[in-house]
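Fit chains W and G to the supplied structure of chain A, relying on the hints for placement.
Protein chains in written order, with numbering that gives the first Met the number 0: chain A, 0 to 358; chain W, 0 to 292; chain G, 0 to 469.
The set of hints was computed from the structure by calculation and includes no laboratory data.
When the alpha-carbon atoms are kept at most 25 Å apart in a straight line, the in silico SDA-like pairs for lysine to any residue are as follows:
id: 1; chain 1: G; residue 1: LYS225; chain 2: W; residue 2: LEU259
id: 2; chain 1: G; residue 1: LYS340; chain 2: W; residue 2: GLU120
id: 3; chain 1: G; residue 1: LYS367; chain 2: G; residue 2: GLY120
id: 4; chain 1: G; residue 1: LYS226; chain 2: G; residue 2: ALA199
id: 5; chain 1: G; residue 1: LYS304; chain 2: W; residue 2: VAL126
id: 6; chain 1: G; residue 1: LYS451; chain 2: G; residue 2: CYS463
id: 7; chain 1: A; residue 1: LYS132; chain 2: W; residue 2: PRO90
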Amino acid sequence: MTTQEEQAFLSPAPQSRRLDAQRFAGRTRWALGGALGLVLFVGLPFFGNDYLFSAILIPFLVLSLAGLGLNVLTGYTGQLSLGSAAFMAVGAFATYNFQLRLPSLPLLVSIALGGLSAALIGIAFGLPSLRIKGFYLIVSTLAAQFFVEWVLTRFGWFSNDSSSGVISAPHLAVAGYGLDSPAGRYLLTLFIVSVLTVVARNLIRSQTGRNWMAVRDMATAASVMGIPILRAKLTAFAVSSFYCGVAGALWAFAYLGTVEPHGFDLNRSFQILFIIIIGGLGSLSGAFLGALFIVLFPILLSHVAGSLLNGVIDPGQLQNLQKVLFGGLIIFFLVKEPDGLARLLRTATRRFSLWPLGR
Amino acid sequence: MSFFIEVLMGGLLAGLMYSLVAIGFVLIFKASGVFNFAQGSMVLFSALAFVTLIERGVPFWVALIATLLLMVLLGVSIERFVLRPLVNRPPMTLFMATLGLSFVLEGLAQTLFGSQVHGLELGVEDVPVAFGSVSLSKLDIVAAGTAGSLVLILSLLFNRTRFGLALRAVADDPLAALAAGVDLRRVWAAVWAIAGVVGLVAGLLWGARLGVQFSLSLIVLKALPVLIIGGFSSVTGTIVGGLLVGSSEKLAEVYVGSALGGGIENWFPYLLALLFLLVKPTGLFGQVQVERV
Amino acid sequence: MNRTLNTLLSLALAPALLSACQKAAAGKSDPAGSTQKVDPTLNAATPAAGKQPAQYFPLQSYRVGPYAAGGTGFFGGFIDYMNLVNVRDGGINGVKLTWSECETEYVVERGVECYERLKKGLDGAPTAATNPLSVGIAYATLDRSTTDKIPLITINHGRTDSTDGRVFPYVFPLQLNPYSEVSAIVNYIATREGGPEKLAHKKIVTLYHGSPYGKETQPVLDILAKKYDFQIKHLEVPHPGNEQQSQWLEIKRFQPDWVILRGWGVMNPVAIKTAAKTGFPVDHVIGNIWSNSEEDVRPAGGVGKGYISITTHPSGTDFPVVGAIKKYVVDAGKGNLQDAKRFGSVYYNLGVINGILNVEAVRIAQGKFGKRPLTGEETRWGFEHLDIDEAKLKELGAFGLLQPIKLSCLDHEGGGRIRFQQWDGEKWNLISDWVSADRALLRPIIEESAAKYAKEKGITPRDCSADSEK
Numbered sequence: 000m001t002t003q004e005e006q007a008f009l010s011p012a013p014q015s016r017r018l019d020a021q022r023f024a025g026r027t028r029w030a031l032g033g034a035l036g037l038v039l040f041v042g043l044p045f046f047g048n049d050y051l052f053s054a055i056l057i058p059f060l061v062l063s064l065a066g067l068g069l070n071v072l073t074g075y076t077g078q079l080s081l082g083s084a085a086f087m088a089v090g091a092f093a094t095y096n097f098q099l100r101l102p103s104l105p106l107l108v109s110i111a112l113g114g115l116s117a118a119l120i121g122i123a124f125g126l127p128s129l130r131i132k133g134f135y136l137i138v139s140t141l142a143a144q145f146f147v148e149w150v151l152t153r154f155g156w157f158s159n160d161s162s163s164g165v166i167s168a169p170h171l172a173v174a175g176y177g178l179d180s181p182a183g184r185y186l187l188t189l190f191i192v193s194v195l196t197v198v199a200r201n202l203i204r205s206q207t208g209r210n211w212m213a214v215r216d217m218a219t220a221a222s223v224m225g226i227p228i229l230r231a232k233l234t235a236f237a238v239s240s241f242y243c244g245v246a247g248a249l250w251a252f253a254y255l256g257t258v259e260p261h262g263f264d265l266n267r268s269f270q271i272l273f274i275i276i277i278g279g280l281g282s283l284s285g286a287f288l289g290a291l292f293i294v295l296f297p298i299l300l301s302h303v304a305g306s307l308l309n310g311v312i313d314p315g316q317l318q319n320l321q322k323v324l325f326g327g328l329i330i331f332f333l334v335k336e337p338d339g340l341a342r343l344l345r346t347a348t349r350r351f352s353l354w355p356l357g358r
Numbered sequence: 000m001s002f003f004i005e006v007l008m009g010g011l012l013a014g015l016m017y018s019l020v021a022i023g024f025v026l027i028f029k030a031s032g033v034f035n036f037a038q039g040s041m042v043l044f045s046a047l048a049f050v051t052l053i054e055r056g057v058p059f060w061v062a063l064i065a066t067l068l069l070m071v072l073l074g075v076s077i078e079r080f081v082l083r084p085l086v087n088r089p090p091m092t093l094f095m096a097t098l099g100l101s102f103v104l105e106g107l108a109q110t111l112f113g114s115q116v117h118g119l120e121l122g123v124e125d126v127p128v129a130f131g132s133v134s135l136s137k138l139d140i141v142a143a144g145t146a147g148s149l150v151l152i153l154s155l156l157f158n159r160t161r162f163g164l165a166l167r168a169v170a171d172d173p174l175a176a177l178a179a180g181v182d183l184r185r186v187w188a189a190v191w192a193i194a195g196v197v198g199l200v201a202g203l204l205w206g207a208r209l210g211v212q213f214s215l216s217l218i219v220l221k222a223l224p225v226l227i228i229g230g231f232s233s234v235t236g237t238i239v240g241g242l243l244v245g246s247s248e249k250l251a252e253v254y255v256g257s258a259l260g261g262g263i264e265n266w267f268p269y270l271l272a273l274l275f276l277l278v279k280p281t282g283l284f285g286q287v288q289v290e291r292v
Numbered sequence: 000m001n002r003t004l005n006t007l008l009s010l011a012l013a014p015a016l017l018s019a020c021q022k023a024a025a026g027k028s029d030p031a032g033s034t035q036k037v038d039p040t041l042n043a044a045t046p047a048a049g050k051q052p053a054q055y056f057p058l059q060s061y062r063v064g065p066y067a068a069g070g071t072g073f074f075g076g077f078i079d080y081m082n083l084v085n086v087r088d089g090g091i092n093g094v095k096l097t098w099s100e101c102e103t104e105y106v107v108e109r110g111v112e113c114y115e116r117l118k119k120g121l122d123g124a125p126t127a128a129t130n131p132l133s134v135g136i137a138y139a140t141l142d143r144s145t146t147d148k149i150p151l152i153t154i155n156h157g158r159t160d161s162t163d164g165r166v167f168p169y170v171f172p173l174q175l176n177p178y179s180e181v182s183a184i185v186n187y188i189a190t191r192e193g194g195p196e197k198l199a200h201k202k203i204v205t206l207y208h209g210s211p212y213g214k215e216t217q218p219v220l221d222i223l224a225k226k227y228d229f230q231i232k233h234l235e236v237p238h239p240g241n242e243q244q245s246q247w248l249e250i251k252r253f254q255p256d257w258v259i260l261r262g263w264g265v266m267n268p269v270a271i272k273t274a275a276k277t278g279f280p281v282d283h284v285i286g287n288i289w290s291n292s293e294e295d296v297r298p299a300g301g302v303g304k305g306y307i308s309i310t311t312h313p314s315g316t317d318f319p320v321v322g323a324i325k326k327y328v329v330d331a332g333k334g335n336l337q338d339a340k341r342f343g344s345v346y347y348n349l350g351v352i353n354g355i356l357n358v359e360a361v362r363i364a365q366g367k368f369g370k371r372p373l374t375g376e377e378t379r380w381g382f383e384h385l386d387i388d389e390a391k392l393k394e395l396g397a398f399g400l401l402q403p404i405k406l407s408c409l410d411h412e413g414g415g416r417i418r419f420q421q422w423d424g425e426k427w428n429l430i431s432d433w434v435s436a437d438r439a440l441l442r443p444i445i446e447e448s449a450a451k452y453a454k455e456k457g458i459t460p461r462d463c464s465a466d467s468e469k
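With the rest of the complex left out, here is chain A:
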């Protein structure tokens, strides 16, 4: 008998145990998912207040989406990108222009078209990745970052010739329902982010996702095996830029209400990069965890300072300390847990499910 047959003979249980676990997991999964959906889509809009929506939930969702996009490119395909904010800018301004010049288009279609415009730009700046490898690739995305910023500022057409170059969000409505209130904007963002998360998850599980990971892990071997490297890289750039573009549109319309090209500058690109570093490269939940951290960390820190050190530290110094702490945490994560918060959570979950035993 072969080892496998031996195993099957000696311990039939694992097979059925696994099936049971799967069935159980399936039911639990659906129950949990349903409960979560209920809370997010119905509960929160009723019980949340302005601050929760406008200052916490919406930026969290938008940044998670951008993080998902960058994760596709950097986490799964291994192409380091410092231009995610530029693609966000393209998405925002493109959506604005579609809405403005073709007012009959529904909002969701404009946003999708904005994302597609960003995808096209992404492919254009992703082309050099075929020749340039490794670290030098950041120059391509940095070029995108600065060039897009310049184009959007320089040509007034993009901002409807407003003398200041700032675009202002139009009235948001889907199928006739006005979505201008904070709760409405939250629902819009939540809907779009949920749909796109599912799409991302499916993409990553598919052949496309596997191709991406092959490019990241062993590009030469993959090429030898016949995986189309060119197509994989460009698809990664396209999908990533699409997500960033939609995130940019949401940032402008659902979050801030106005945006100028400098709102999508290099600092924003770094912010998104930090989100996926802290959250965990190459993991979907990492984007969410990272965004949660980035949004909440400053707020929590000033909370703690406010209650513990009331009035001792002035807000400016607090800001500096926050920077130091933030940088320190990044270094700490990289040293201790390079796979980020996602891995930490996974380890914690595993330990929890086996508590009080070690394994």
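Just chains W and G now, with coordinates in the frame of chain A:
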């Protein structure tokens, strides 16, 4: 015609000042393969420290020595506490660690030295000096000279001293160097210390040019195209790259920029670097990566 | 299983954490994290919850980052003035002023978060107005302020078309909007040249910061160039403005008579230095309202001598109100400035003036609505009916510091006059009397722009004649 020369010369001199910042990067990349994004913050930190001492009334040379020691200390601590735990990690991780480090340094600099703007006087007036029909800035000339001499000193250090030999060995193959008896830790610490000192020189010159304040750390964005064109691991490359970037940037801004509405200086060097890379993927003088199947 | 559980847990963790945060933000007596800059013991005027009526000013301040110099000066002056009102006058008609700071570092989304966090008030004290001193934050909180009915004060800057109060009832670009600024500068240049007719065939360059703020005035300058028949050239300096060599070499080639500097942050000292470096006479460079502080010119060193800039108010400490601040606040150890040498600087005095304008608006509103803490809607009425004439200025001790200002429903700017000052290496010296902008010329442009905005947003402009109640 003299206008063209003026722009060109101004660009060349500015480019040399970019090289000054880029040299710090090259040092660290050469020795440990780390792209030190925190170099800009180190420049800011050193300039702020120096200026704060001067404003407290400390004499120029004392302040200089004190800041020098501070930067050496900083460089060594960074190597010990940030880079050492991350040895053997992929380059992306190291780069991100330096990103985090830049945040720490910026916050620390502002906590310790405040966030006000300071002027910096180095004893060289920033006035135009006439060479025929072309006039150049005195400060720029001095800065260019400093950058040039720094490169010369570093080249001599790398190529003519035992330490330089050890450094090149470590850059080439750390394990082999270790086997040959080179003390890696000492080499790395020394390299970071030198990078700190180079940062100080850059900080002083750029601070004299711009005033010492927060935006000083943004100089690193100008140094990046220089590095890319020159190659990450070549000191000569930074000079050549700097000259190229500086002159083309200024010429483009004046001649091409006016047609496009101005303000192209931010992205033009990057576009140039991109085009360069398409032709020479590892820069002019960088080490060519050979991929074997 | 673990993986799914992990994903779901992380997604569930988010709303849980966020709700906790929100509850903390809403329920706590000290609204989330806004640390009081002033030592709580010394500001005995700040009432505890529900003990004494108080009027609240949220401060979206920036004390670190690239623009910290402006922020620390401005908010220092503002806070010191509010302290003066509390300590010397016992508040506005008995209603003490209270405030809290929220650091934005001049970043737009932080400003928005601070706004959302603090807009409800502090310890029951209602919010009077927001003063973010940032174009980006103003733009982002513009619609919110209108929905939430909280006046948005953008002193000396802002959306120019918000001068038209019919379309922007809750936005107030007090004292000076960008169009008035450049118009007045052109008028000053005319006087320097010997009269408006002498402007013909002269060359002027605008060196502007590559941002919405920098570009805002281009159309007006083009119109003025056509009107007075001078050549105008616009040169952009990409943010942040560390390198300006090519721009100044171009200026050298163009050989203009004057350069108008519309800078911000590091762009200013670099502009002055580069001007000197390329041989352009620094005393023909005129800086605008955000290129006019000591912090802008001092880093340039000795070459900055002779640089001219505009100001809506002189710097210096010889004004009675500033003297009062010194006596009651600074000498009592409660001064907000960390560096005492900046007392009386341009940004500091701007903060004092901003304080005066905010306080007077509240006072005027109290005259109508009652001597109690007022809501944003009520203080808006106060701002719109702000009328400070020379007599009132003398009473306030701000004669010569603040220009007489009168707002109305149609006009949310109210001033439109500037003076010019010159740097002598140590301090600013006034070199001109009040120069007015050509407001009649600018008004149609402003109204057109406001109407365009109203159309885009679907707003019906107010009817000002029916304005007396609201």
